[in-house]
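*Asks:* If you read the sequences in order, they're chains A and B.
For the first sequence, my numbering gives the first residue as 1, with consecutive numbering after it.
For the second sequence, my numbering gives the first residue as 1, with consecutive numbering after it.
Please note: incorrect hints may appear among the correct ones.
A pair holds if it fits inside one copy or across any two, identical chains being indistinguishable in the list.
[As the list claims (entries may be wrong)] Each computed DMTMM-like pair below joins lysine to aspartate or glutamate, with the alpha-carbon atoms no more than 25 Å apart:
(1) Lys137 / Asp200
(2) Lys226 / Asp443
(3) Lys419 / Asp260
(4) Lys137 / Glu85
Think of the hints as simulated: they come from the structure by calculation, not from any bench.
Number of protein chains: 2
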Amino acid sequence: MSESFSTSRPCPLSDVPGWDLEADVLIVGFGAAGASAAIEAAESGASIALFEVASGSGGTSAMAGGDIYLGGNGGTSAQRENGFEDKTEDFFRYMMMAGGPDADEERVRIYAEGALDHHEWLKTQGVPYRNTYIPGKPVMPGTGDCLILSGSEFAWPFKEEAKPCPRGHLPEAIGETGGFFLLDALTQRVQALGVDIHFDTRALALVTNEAGAVCGLVVVQAGQTKFARARGGVVLSTGGFALNEEMLRQYAPLRKRLADDGLSGGYDDGSGIRMGMSVGGAAIHMDELFLTLPFYPPESHVKGMLINDKGSRFINEDAYAGRVAHFIASQIGDQFYLLVDDAIFEQPSEYSKIEIAAVGETWGEVEAELGMPAGTLVASVEVYNRHAARGEDPLFLKDSNWLKALDEPPFAALACHLKEAYYPFFTLGGLSVQPTGEVLTTDGGVIPGVYAAGRTACGLPRWGKGYSSGMSLGDCTFFGRKAGLSAARRSSE
Amino acid sequence: MSESFSTSRPCPLSDVPGWDLEADVLIVGFGAAGASAAIEAAESGASIALFEVASGSGGTSAMAGGDIYLGGNGGTSAQRENGFEDKTEDFFRYMMMAGGPDADEERVRIYAEGALDHHEWLKTQGVPYRNTYIPGKPVMPGTGDCLILSGSEFAWPFKEEAKPCPRGHLPEAIGETGGFFLLDALTQRVQALGVDIHFDTRALALVTNEAGAVCGLVVVQAGQTKFARARGGVVLSTGGFALNEEMLRQYAPLRKRLADDGLSGGYDDGSGIRMGMSVGGAAIHMDELFLTLPFYPPESHVKGMLINDKGSRFINEDAYAGRVAHFIASQIGDQFYLLVDDAIFEQPSEYSKIEIAAVGETWGEVEAELGMPAGTLVASVEVYNRHAARGEDPLFLKDSNWLKALDEPPFAALACHLKEAYYPFFTLGGLSVQPTGEVLTTDGGVIPGVYAAGRTACGLPRWGKGYSSGMSLGDCTFFGRKAGLSAARRSSE
């Protein structure tokens, strides 16, 4: 019977033979967004049924480093203890820039003003945090320390618009497992609140009534199709579509430039987005990906020079690696090189799949070994070195902290080729939603009874070139709570 | 009463008080796609009602140059008479490349095999064509001649995959009014076939029955809401969303880099796309724009060198200007320059808004006047000139026909800045459709009774970097016919 349902077509109420279960709020997906929605809704007194396709909680969130982007209001305890005062306006402006040409001002404002309270909420749920800070540009340090620089805050053009400050907050965890610790705490809290959890349950379709409002959900459990009634609403928090190659093809063709699979806990098939679209929800910015190239660590490589296969630079290398990767993918070729000298070279991390492409005692030798015409790479290095020696970068405004002349032989070009180096990605596009989680049509109308959160929605992070680590989990947990509460409130209307 | 309807929400059949009119096929929009749909449906014996928001036919199509992209099967009469043999496979391969990472192979195949017949069909409708050819790279020549090179056929990388050939076919027209002549012929044919035409009529919403099939349309006419029943189907051919700033913001943020309004006959508000989405249709590649920079004519400027504000080249300048414009918009800055020497300089066309930014007796003087660091622009010119003198471009593989050393002073940099020069655009994203025009959900299911054509659909042109002039009107007319016929056939099922 489940064959006859589709996430792309709502099930009319008249086709529901009877309700197998009923709750104020139905939540689809038990990652960070779904867990946060469940906690907030349950605490408001609503009854919840939570459906998860996997056999346990966590989703893609649990595989992440666990970084949450927080600041404002003078700073979190970790920021303040380490000497960073973070004004709400700087936090706001940075996130507006990071959101790109269609940054959601209302959402960013609410988040900027509420992030400190949200941090306290996370602690209350049992997420463990130290107040320690790791300077530099660490990526998933795995030390259990908290505060890291996780974006482009100190890089042009961001530093010119907003006073820079590190804002990535990692849970105290063993190794690179912060996401697991975060989800473990949220899961325990969901269980303690008595939420009715259904694992191994796949959502098949939304149920709509005659007025077009969402009033339930069709699921399949152990081969049985079941009908669940939502008195308040259905929260869609099934993640993005990083594993749905058909959707990637239609919506995010940038994926074709990449070799690796999307980052996912295994179920980012876009089903939540499709269910939202099936009732008229607009899916926006579907072409945007989080995309990165871990060309650091080693941190010293930020002092290197990135060039395309014409020998030209195209970005300030001290921007967040996710921003750098997008400018790589905007160039016409597929081959890219990080130029390093003996002073800054260290073995690249193994997972980055960055190999040495050419070495030489002069940059001319490297240029020739790469098969580039004479005067291309060499001219770029000459201009870079001349200014870097003075701590300047007139072309791309790289910060002086990361500038040094690349003049200590031997020299090397490290291959950062698209399709060869490791370019992990996940999707940023999703359903257009209010900060309340209410799903919107293209002309801004609210579709009653359906909410979206996490990467099923197009949230705070919606522009790959502006993404900073921690923005997605920040959005998942903060706006997951809002969506859960909105759905709960609708049940008591 | 019309206040209560929305293009983003279908009207349930149960809300229809009664039908004001009825036809086998309802068509929304009387541009090239709608006219072609009407002709084909009427010729098959179906009754048609055609609704157009404007007071006359034509839409955005009538404002175009009228170029239609045609070839294959050995060549059109204009191609053959001018010595171009155009094999179907070359035509097919070029269009596959032009379609980009998600080119629609089935659609391209059908078009490649049917384009010659389609050309004959256009002639039969009364569209006038000569068999004359204008060599070089003309843009809207306005001479009444037919065949022009309208894309990147002779440019890298296209020329390497498909034997090049000019394929743009212009109607015989007075001045740059080919689109008007094309639409005039199609309009007369629609009228001659007795189609029931309703001008000054705005479509408000689709009507859906209990099964979710589209069975009618709500329109407003002289302030009166009317309900039209479709026995076969509704064809949506209302154009794109080049004038809908809200949709552009949500879907195509590239628009923010541009100063000018979208190219439109005045009604590209995305209403057809929104109506399709309201019944579960997937709108795909909504971020893709046709975008161009008319840096030629004068044609001699193709021999110039385009650089960004870092002094770097980034594209072979002999590619179609639309492809060039996209690579401009992919760079990090907003300032771009076309470098010319005395031998190739001519006054840019007035509408291009390209001004002289700097002049000098040496390239060093130009570099200094532009405020670029020493050794940037000069190094790029040196590499370019050294190879161009030998007819080579190892970096970007510009064709030797357009290569010459820029070594005859005085030299100039012409400003092609985004937001200052003229960058016209229209939208390429739209409803996902079968070649039959049937609208699809995200998981590929057909939504019964609704069809889309022209820029309301995502058709042949779906990748700004590959667009060639004539592809949109080719798609509008060819697949408009298919959509009309599909809807007509459904009425007799």
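*Asks:* Looking back at the hints listed earlier, which ones does the structure fail to meet?
*Replies:* 1
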